[in-house]
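S.K.: The primary structure of each chain is shown beneath.
Number of protein chains: 2
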Amino acid sequence: MNKKFWITDKPINIDECIEKVVRPDAGAVNTFIGTVREFTKGKRTLYLEYQAYVPMAEKMLRQIGEEIREKWTDADTVIAHRTGHLDISDVAVVIAVSTPHRNDAFEASRYAIERIKEMVPIWKKEHWEDGTKWIGNQKENTSYHEGIPNEEEMRNG
Amino acid sequence: MNKKFWITDKPINIDECIEKVVRPDAGAVNTFIGTVREFTKGKRTLYLEYQAYVPMAEKMLRQIGEEIREKWTDADTVIAHRTGHLDISDVAVVIAVSTPHRNDAFEASRYAIERIKEMVPIWKKEHWEDGTKWIGNQKENTSYHEGIPNEEEMRNG
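These protein sequences, in sequence, are chains A and B.
Numbering of the first sequence is given in numbering that gives the first Met the number 0, commencing with residue 0 and proceeding in unit increments.
Numbering of the second sequence is given in numbering that gives the first Met the number 0, commencing with residue 0 and proceeding in unit increments.
In short, the hints are calculated from the structure, not lab data.
Quantities reported herein were computed from a predicted structural model and do not represent experimental measurements.
Quick reminder that beta carbons are idealized off the backbone N, C-alpha and C, glycines included.
Hints should not be assumed to be uniformly reliable.
[To be verified] Now the stretches of chain B that chain A is said to cover, found in silico as 3 or more residues with beta-carbon under 8 Å:
(1) 17 to 27
(2) 75 to 81
(3) 95 to 105
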């Protein structure tokens with residue numbers, strides 16, 4: 000698979016993500032891996048469910064790669080995000096950034112995860128012991144009690 | 000292998016490093032991977048050779064793990080460094096840090112690589128097209144033209 004920015008309902012192969020960015024002119028790779036945490040503020044999560052509006056989400060991931068290339072011209076970026084049912088400790092997102100020197104790799108990787116949380120249309124449904132809730136966006140400042148927004152609502156942000 | 004801080008002359012398995020830190024109470028893993036870069040300031044490296052004073056190097060890596068634990072109490076850290084002959088793009092060092100939240104994972108991982116460069120007794124010999132040179136320490140501000148220091152010199156820094 001030659002894609003560098005993708006949404007998948009299968010487990011993400013971390014090594015594959017890293018291999019896509021390793022190259023002779025890079026000396027540093029920074030990888031950020033988001034995993035499903037069991038406890039948040041004392042509340043136990045049983046599992047999560049992610050849904051994405053895939054074409055737009057992949058487009059946004061590609062855009063983040065372009066933004067990184069503008070800011071750190073020698074950076075090479077891969078981002079994969081998983082959807083569907085995820086158990087505790089499962090990998091939800093993998094970012095891998097290679098650069099000639101390490102400072103840029105750290106900064107670009109950090110930039111990528113913040114931008115994903117800000118703008119990529121992926122919704123998370125928390126399944127707790129006592130109920131469920133759709134978390135509206137990844138910054139968790141909007142929620143959709145009725146479910147994820149429809150396409151029209153998504154387009155309008 | 001249950002070690003969390005080790006020096007090896009074999010290829011480092013990145014997935015294995017990550018698996019050692021993934022856990023239910025962590026939602027973030029940051030990984031730093033140092034690879035052999037072909038060009039440095041226009042000069043082409045053919046391959047590198049790393050030598051370590053292994054018992055002291057592993058002790059220093061463990062110490063870095065302890066320092067991280069003092070600064071980021073919920074962090075779990077793994078560090079592996081390779082020795083011997085490394086070709087271009089080979090993985091020289093892998094750091095993996097898991098924390099409940101992502102900010103700490105980025106910061107602790109960054110701290111680890113800076114401390115490795117500062118204090119771990121690992122020496123690098125550059126093999127260029129027109130010669131070789133032992134790079135004295137990882138900050139590259141001391142060099143040992145005659146080879147790596149002996150144990151006595153290492154103990155004295």
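S.K.: Checking against the hints above, which ones are violated?
M.R.: The structure breaks only hint 2.
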